[in-house]
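Residues per chain, in single letters:
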Amino acid sequence: MEAVLSGFEILMRPEVLAFLLVGIVAGLVVGSIPGLNDNIAFAIFIPFSFSMAPTFALALMVGLYCSTAIGGSIPAIMVKVPGTASAIMTTIDGNAMAQKGMPGKAIGIAITSSVVGGFASSLVLVFLAPPLAKFALRFGYVENFALGLLGLASVVGLLGGNIFKGLIAAAVGLLVATVGLSLETGFPRFTFGVANLYEGVPFLPLLVGLFGVTAVLELSEEWVRERRAGRRAEALPRITDRLILDYAMVKRLIPTWISCSAIGNIIGVIPGAGMLMAIFLGYERTSRVYKRKYEGRPGEPKWGEGAPEGIAAPEAANNAVVASSMVPLLSLGIPGNSVSALFIAALMIHGMMPGPLLFIEHSDIAWMIILAFVLANLVMGPIALGLVKTLTGMVYRLSKELLIPTIGLLCLSGAYSDENAIFSIWVALIAGVVGYAFRKMSIPHAPIILALVLGRQIEDNFSNSLIMSQGDWLVFVDPVNHPISLALVAGAAFFMLGPVFSWIRQWVRKRMARGAAEVPAGS
Amino acid sequence: MQTKDLLKSLTFALVGSALCASVATAQSYPSKDIKIIVPFAPGGAVDVTSRIIAEYANKHLDKVKIVVENRAGGDGVVGQTFAARAKPDGYTMLAMTSSVVTNPVLKETQYKIEDFEAVAMYTDDPEVLIVPTDSPFKTVADFIAEAKKRPISVTIAGIATSHHLAGLALEDSAGIKFNYLPTKGFGPQLQAVMGNHVESALWSFGEGKKHVDAKSVRLLAVASDKRLEGFPDVPTWKEAGLNIPRWTTFRGWAVPKGSPKEAVAFLANLLEKVNKDEGYIARMTEYGYPVSYRDAAGYTEVVNDYADLAGRVIKKHNLKEQ
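Respectively, the protein sequence lines represent chains W and G.
Anchor point for the first sequence: position 354 equals 354 in our numbering, and the numbering is continuous, going up by one each time.
To convert, take the position in the second sequence, counting from 1, and add 1000; that gives our numbering.
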């Protein structure tokens, strides 16, 4: 308890609080600029943090980490360009709602949902860290394979009627994921002697390309079309409606918040699962609930055309991953995802190592970090609501003629700053062109990203599991030694077979209907 | 106001790369900032040690400073190639580590180990054999006895990494068998050991020191010449019957071949001064990076020894791409 109090005391120092607030504001700005994200911001910031007091550096990082996802949803809603990867699903319903003249409502839902998800996850960090860390340790090679499979299977649920194109997208993602040094053989695959590809196609530039550069191309196309038609470029949506949600909306979104926060928290705690997986699983689940409960009712849009739950689900899920990803990091020293891994770097620079020792040697710092997450989530809502109009005004007051090259430049400099390499710019450009071509063929982007993230994880864990089991495939469904894996594989099978079942059901129904008509004539 | 904010974030993004800009003048060495190319991302062991050294080295320099520049990618190859091709004027150094030796052998690189000239070494991080805390192997003897009967699973950073080579060398020298589980990243390896998903691990002492201190994992034996300070009960690999005198990950400075003699001497001298700094020693030890200075000749010997040892393992186990 003493440690908690001294952690609180450190956090309440005016300078530390100031850094936390700077972090929150910086996160909102960085997030709302397509091409920049928390990973890039941290990578640039870490060398500077070397000369800073650790409490300042950590407070700033916590603030930044918490609020980037909110920032990312702003351009996703306003111009359909996700500011960060975490906003990829928010673009769909968020932008649709904005197009219908309710950008304020869309952003309000995004911010509120983020705060709910983030706050839930900071409470998990405060109260449940030790038992959850033990749970996280149960994830070995076998469980991680099954988890990857479940994540990949969630794609099927997202695709709706477009299964074939979705599978093409997933296949492309998996193929790109094979590029690089094979962990199993130590030999490079599909690298064509290019050293920059040894660690795989650099991920951040790829994301920046698929989101940012594709969006730039789309915006340019729109602009050209408008010019040809002799119209003046259409103004971007302005926030004129209320940002604060009314009571009915809050009440309606509560079930979505609960389920997506839960998914986000569970996924966040499991090392290596990652934020995207939580977003996809949450989105998938919510879409099924929405279709059953609301779709087709008067005044309710179709899923994907401005459903409030379509914004609330991914935004609650992505922020729920944030603080919970610190659970395995702080209690075990195992990073939950790539961003929380950068906290290790920041701590190590100041001679601290996350893990059980942190609570013994530097318990005040450990608690300062935990409490900073709680505080950041409490204050980031009002800050975001207050800043959002300025932020959107700042970026989107520019005319389209200026906005397009600005986003383009920011994307490319973001890609470059990842590894300080020109090569990364090429990756972003190529990914952007390919992404644009896919859009034209209406091949969805989301499965590419998910497959890219999970491809390596699935492959490596699969091969290691089989090494452990001496080639026995049943290891993945072993109810005694790997019950978690069995449950995850069953979940994956359920996702994958879902559409098959509904086809069969439809087919049978049609057959029966036709059969009924044909019976008298036939037999 | 808006443009100002935008500009600010742009500068933020570009400031890293702008840091290396400097003015060149032809005066006595050093007349401008000296770059250390770290071929890995910020936050890793090489980056952290390089920055600590830069901090202490800069106390001995006026007007100019040592600047760390990250050029990550290709498991080190990108930055190593960059440094090999840099102008040999004494203003570009490479943070040279073991992978400079193995990368040209195992991968298609456009540089050779001969393209570099050793300046001095600052740390020598021994390989350690790690088991889960509650592992049935109480001693190395238990471990060897079991590993002679059946292959024991071991997590390593990847096939053909220095850790894999260490495992293969152990198989040859101690007559034991391993089942390798290549696992990318230290975090996942730690998870595998702590969660009892694997029976042992081979990694560098420095990275895992704090976890050994915390008793999250158990240290069975260490591949250094003598027992480590603070771990008097942990035998060396040689004492424990693993028959390998030393297997270490070295870290030091190198310059592209043909750099001026006086520059190399200046830098080696600078690193030696840093190496005697009490504050520096305390900080490095705290992280788990044993301080061990060697001059250019001594460093070259370490590099050559490793090239010889690793080369033999690579050849014997046919790891080279055909």
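These aren't lab readings, by the way, just hints derived from the structure by calculation.
Note that beta-carbon positions come from the ideal geometry of N, C-alpha and C, so glycine has one too.
Be aware that one or more of the hints could be misleading.
Here are some, though not all, of the chain G residues that point toward chain W, as calculated from beta-carbon distances under 7 Å [said to hold, decoys possible]:
{"#": "1", "residue": "LYS1032"}
{"#": "2", "residue": "ASP1033"}
{"#": "3", "residue": "PRO1042"}
{"#": "4", "residue": "GLY1043"}
{"#": "5", "residue": "ALA1072"}
{"#": "6", "residue": "GLY1073"}
{"#": "7", "residue": "VAL1078"}
{"#": "8", "residue": "LEU1181"}
{"#": "9", "residue": "GLY1187"}
{"#": "10", "residue": "GLN1191"}
{"#": "11", "residue": "PRO1290"}
Partial chain G-side listing against chain W, Cβ under 7 Å, derived [stated by the list, open to error]:
{"#": "12", "residue": "SER1031"}
{"#": "13", "residue": "ALA1054"}
{"#": "14", "residue": "ARG1071"}
{"#": "15", "residue": "SER1173"}
{"#": "16", "residue": "ILE1176"}
{"#": "17", "residue": "MET1194"}
{"#": "18", "residue": "VAL1212"}
{"#": "19", "residue": "ASP1213"}
{"#": "20", "residue": "ARG1218"}
Index of numbered hints that the structure contradicts, given in increasing order: 1, 2, 11, 12, 13, 15, 16, 18, 20
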